[in-house]
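Student: What follows is each chain in one-letter form.
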Amino acid sequence: MKESNGEVKFLPGNIVVAEAAVAAGCNFFGGYPITPSSEIAAHMAALLPRRGGHFIQMEDEIAAMGSVIGASLAGAKALTATSGPGFSLKLENLGFGYMVEAPCVIVNVMRGGPSTGLPTHPAQADVMQARWGTHGDHPTIAITPAFHQETYMETIRAFNLSEQLRMPVILLLDEVLGHLSEGVRPPKPGTFEIINRKMTDQPPDKYLPYDTSFGDVPPFVPYFEPGYHWHTTGLNHDETGFPTTNPELVTRDEERLMRKVTGNRDLIDKVEYYMADDADVGIFSFGSTARAAMVAVKHAREQGIKAGLFRPVTLWPFPNKQLKDFAEQLKGIVVAEFNLGQMVYEVERTVQSTIPVIRRTKVGGVPITPAEILESVKEIS
Amino acid sequence: MPFDYMTYLREEKLPHMWCPGCGIGIVVKAMIHTFTDLEWDPSDIAIISGIGCTSRAPGYMDMNTLHTTHGRALSFATGIKMHRHDKHVVVIAGDGDMSAIGGNHLIHAARRNININVIVNNNNIYGMTGGQYSPTTPLGAKAATAPYGNLEPSFDLVELVKGAGASFVARGHVGNGRQLNTILKKAFDHKGFSFVEVVSNCHTQFGRRNKMADPMNMISWISDRAKPMKKFEALSDEDKTRCFPVGVIHEDVSRPEYTETYQELIDSLNNGN
Amino acid sequence: MHFEARFSAVGGQGIILAGTILADSAILEGKYAAGSPTYTAQVRGGPTKVDVIVDSEQILFPRTQEINFFLSLATNSYKMFCKGLADNAVVLVDPHLVDVPEGDKEKYQIFEVPVIELTAEHLGRLVYTSAVCLGTMIALTDVVKEETVREALKRRAPRGTEMYNMKALDVGINYVRDILKADVKV
Chain G
1 MKESNGEVKF
11 LPGNIVVAEA
21 AVAAGCNFFG
31 GYPITPSSEI
41 AAHMAALLPR
51 RGGHFIQMED
61 EIAAMGSVIG
71 ASLAGAKALT
81 ATSGPGFSLK
91 LENLGFGYMV
101 EAPCVIVNVM
111 RGGPSTGLPT
121 HPAQADVMQA
131 RWGTHGDHPT
141 IAITPAFHQE
151 TYMETIRAFN
161 LSEQLRMPVI
171 LLLDEVLGHL
181 SEGVRPPKPG
191 TFEIINRKMT
201 DQPPDKYLPY
211 DTSFGDVPPF
221 VPYFEPGYHW
231 HTTGLNHDET
241 GFPTTNPELV
251 TRDEERLMRK
261 VTGNRDLIDK
271 VEYYMADDAD
281 VGIFSFGSTA
291 RAAMVAVKHA
301 REQGIKAGLF
311 RPVTLWPFPN
321 KQLKDFAEQL
331 KGIVVAEFNL
341 GQMVYEVERT
351 VQSTIPVIRR
361 TKVGGVPITP
371 AEILESVKEI
381 S
Chain E
1 MPFDYMTYLR
11 EEKLPHMWCP
21 GCGIGIVVKA
31 MIHTFTDLEW
41 DPSDIAIISG
51 IGCTSRAPGY
61 MDMNTLHTTH
71 GRALSFATGI
81 KMHRHDKHVV
91 VIAGDGDMSA
101 IGGNHLIHAA
111 RRNININVIV
121 NNNNIYGMTG
131 GQYSPTTPLG
141 AKAATAPYGN
151 LEPSFDLVEL
161 VKGAGASFVA
171 RGHVGNGRQL
181 NTILKKAFDH
191 KGFSFVEVVS
201 NCHTQFGRRN
211 KMADPMNMIS
221 WISDRAKPMK
231 KFEALSDEDK
241 TRCFPVGVIH
251 EDVSRPEYTE
261 TYQELIDSLN
271 NGN
Chain R
1 MHFEARFSAV
11 GGQGIILAGT
21 ILADSAILEG
31 KYAAGSPTYT
41 AQVRGGPTKV
51 DVIVDSEQIL
61 FPRTQEINFF
71 LSLATNSYKM
81 FCKGLADNAV
91 VLVDPHLVDV
101 PEGDKEKYQI
111 FEVPVIELTA
121 EHLGRLVYTS
131 AVCLGTMIAL
141 TDVVKEETVR
151 EALKRRAPRG
161 TEMYNMKALD
171 VGINYVRDIL
181 KADVKV
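Protein chains in written order, with the numbering used here: chain G, 1 to 381; chain E, 1 to 273; chain R, 1 to 186.
Don't take each hint at face value.
Claimed, not checked - Selected chain E positions facing chain G (Cβ under 8 Å, derived; list incomplete):
#1 Leu66
#2 His83
#3 Arg84
No lab work stands behind these hints, which were simulated from the structure alone. Just so you know, even glycine gets a beta-carbon here, dropped at the ideal spot from N, CA and C.
Please model the entire structure based on the sequences and the hints provided.
Tutor: In structure tokens, the structure reads:
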């Protein structure tokens, strides 16, 4: 770990998220209690007022998401945290966030589902929901850290990306990571980058809230800046911010929203590899399950199998290109995910039928073990 | 000199999309009079709405305007007010938007006593979606989804919000603009959550189905039933069920305002207490 | 080195704190630690546990697989959480509170320490139970050094309780060394 970093703290993952959010400049949290994410809200309730920020426990999950977008439009760096059932409720206003281009970060500490499911047990079964949950076409950035140090840095990156691209960013943890305590060394302030949304340099009479002449991310003005008075709506709108049903304008704007992600892959994408250089048996895994996969890689290597891990830290947008490149050196790939098969569809779509894709899926609340993944690895080798 | 409405209106967005004779225009007019009387700088006002005919009002108003999802205006408004408690936050919504899908947000904003001014244009119907019955449609009245007459009892919004703990509750109606100005001024000036129900007309969706297709007929039907509190109290029980009291119904200046309370917390934590 | 410990009890006996101190101690020694508590029971007074893994290398799989050290202060928590112990694991129980199943006495190295009685007798207040437990763990294992546990406990202990916490550690250590005369180390 870098020398510029502070002392190692032994913290639960949920607390790591809260600490990192504040370090990233978060000054608003709107939430609603839900297991297993509630510690994030509780820690923010303690941290924020000490720093002049605001915490509010709203009347429901929907309201929590609304308050976060409202605060963001007024200039705040806003966070909310939830789990499956709450994430389902937040999706309506999440879509509004994409539409009006309000930067904010949503944490989903995934638990078993569907419905109330397994409130105190982990799963990774909301990954497709994160991509496609809200209605209509929309871009998605979803980040799946696996270690607490990474969670700390990726929480900061989630805020940075949301500010830089003016869009909600989803941080997907799961119950294992949320409640697991491990050492984290928070970097000292000033040793990491904090990005804030680009403000307009136009005077009020020239300002267009969705002005695309500066690129795909329109410069921002928070509410109450004298003279700007911009209109925000969830309806399809033109660059003035007012509703339009003009097919050309609607198409152009929706394509631009998608392009904020497709056109900034260098910024957004992040894949970690583990013993992948000479691997001929691949494992695709993310979040806490990827940690079991790393052990499986080690054990496979001890048995003479050249296994290697492909671990997306940014899960959405899906790292098609990186995975396709990696697949070229492989005899086959195991997709280890803590659900009944979701990301495997993306893997299959990416590698086509060039190599076998083995599913290692699981539900029931007990994480996939290294031994289980190793079993699948052996199916290929 | 004629009254200047344009300080608070986006002239280029007119004409508006509402039906001729719609009550919403009267509400917007009263709001503009109130902003003018209180000398609120439009840059200091955020006006937030949900979905529906009434929720299109912010689009015509020249200030910070936010047209949100159905029923959720108050949740967005709460985030804005928390972050910028030094500014004016106004919510305008229809009866369906505010009391059906947004009902939970309404009672909790009232309970918190956060300084947001809520105006509900209550025309007893879902107008934009085609005349379905709302929580304020009178028992027996016809609606697109109540073709044989409404079977559901209705909300008294003023009593509902008062019961939820609002510190200022009032009712006006579109038949008396001058009175509405006075009520809104008191509401906007109130420190804490304020709620004003404006009994309004949707002759297109409600009136047509209930033998009041002409806006003036409908406004007369409203005006005839509106009684100042003292007169209302003197009515017979039977008349009370037909009429409604207007004016300031409840006002409590003793309750702490939520964002001020939160600021006190911030101050105390940062003064080493 | 790789070491897996499980502390179990019924809610409120301070075993979550004991686990945290073990993890803190490991981190102070430059090792890695991972702790997973049970979630809801701890706030409701039911059976509860905390698992702590200590490793000289980064911990990848954060769940226990073969537990080396198991502490239990209640029969119901013993029954609920005794699965997953390594063969010959060191098992420490309070004999007044735990009935160890017959078969387990052959499978594991069972040590009986009347933790609650010792705490009541020497400290007077049961808040020091967790420190007494840590003392017994120090005496029975090599996972972390005694002085780092003392340091970690000092850092977490509320002001004014440091002396009592150190004494509680000694009570645990001395019981294992002097009364049980155990010289096992895992």
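Student: Quick one: which hint numbers does this structure break? Sort them smallest to largest.
Tutor: none
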